[in-house]
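Visitor: Sequence:
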Amino acid sequence: MATLPQIAVLEAGIFVKTQYIPRLAEISHLFCLKYIWSCSEESSRGAVEIAKQHFPGVECKWGDQGLNDIVQDSSLIGTAVVLAGQVQVDISLKLLKAGKHVIQEKPAATSIPEIETALASYKSVCTNPGQPIWAVAENYRFEPAFVESKKLVAGVGDMMNVQVIIEGSMNSSNPYFSSSWRRNFEGGFILDMGVHFIAGLRMMVGCEVTSVSAITSHIDRTLPPPDIISSNFKLENGCSGVFVMVVSSSSPKIIWRVVGSKGTVQVERGKVDGKHGYLVSLYSADGQCKSTFHPFCGVHEELKFFIHDIVQANLKQGNGYEAEPRSSFVEGARDVAVLEAMLESGSKGGTLVNVKKF
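Taken in order, the sequence shown gives residues 1 to 358; the numbers are from UniProt numbering.
None of these hints come from the bench; they were simulated from the model.
Accuracy of the hints is not assured; some may be wrong.
[What the hints assert, rightly or not] Think about it this way: if two alpha-carbon atoms lie no more than 27 Å apart in a straight line, the pair counts; the simulated BS3-like pairs of lysine-lysine are:
#	residue 1	residue 2
1	290	275
2	316	348
3	304	94
4	275	304
5	17	151
6	150	17
7	356	52
8	150	348
9	17	275
10	316	275
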């Protein structure tokens, strides 16, 4: 029987406890979870207690010494980095330099300069193109709703307009509301939350955003600025669209809508039979509407693909292996680049800004 690949999870916060551990448990037959690391012993032990229900052999690691142990452990082939946005890239590169595959939480980075430096550093440590693997955990690209909607968009004729309307619910009842790191870098919740919605947009339309013109504002003083962004954008296929994001609203609603010459495709976040997910609707030219509901499963899918990729990459060392492109660091960088352009335009009163290409 083949030995299961060993991985470590770096961080032990809310998202690790509520998403990573349960979703990893669903695919526990594919790998061995060796360590959970956190800055503090208390935090690490808390997450390990939860994880031991599914991974009885998992161990605690914490602090600088614990991190060094993980970096130097040659039995580990993969790591999940679920840290504050300001430190993720540095830690990921440290692990990559040690030859470990990395799946890092979004956002890919906090700014364009950080992305450029990161890509240069990554290129210098790659033994072969794309090896070791540096993935960004953007679960929206793995949601079946966006996989389906992309196929449907291809059948609605010429693209005429795109609308993305985000009315979020980031208030004091949200577990991430008090997150200090999201409040302490430029873009705040707009950047951290917004990359999801840009990923959904780019997935649906199948092409890149080339330029934007945005207005930003700050209304809710309990949130870092800006908390509202309204942007026109242009796609490389010539189609125009609008992206509107309100970080915290009293009536949350999340919609992507692509209007074509032969029909319209809409993805709306919602709840059916107690399950959260997305309703994908196709409105045809004859007035008919066909809808399918897809429960959330993007985190499960992205982690399953990552485990598959690192196993295959390990088997084919030196022969090259192309990992799942939806997970690539460059894809995550492109999401950030769109938001960065919108934020820059907003800071300049709506000036047209070209999106940085990666």
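Visitor: Taking the numbered hints from earlier one at a time, note which ones the structure violates and give those numbers from smallest to largest.
Guide: Going through the list in order, the structure violates hints 2, 5, 6, 7, 8 and 10 and respects the others.
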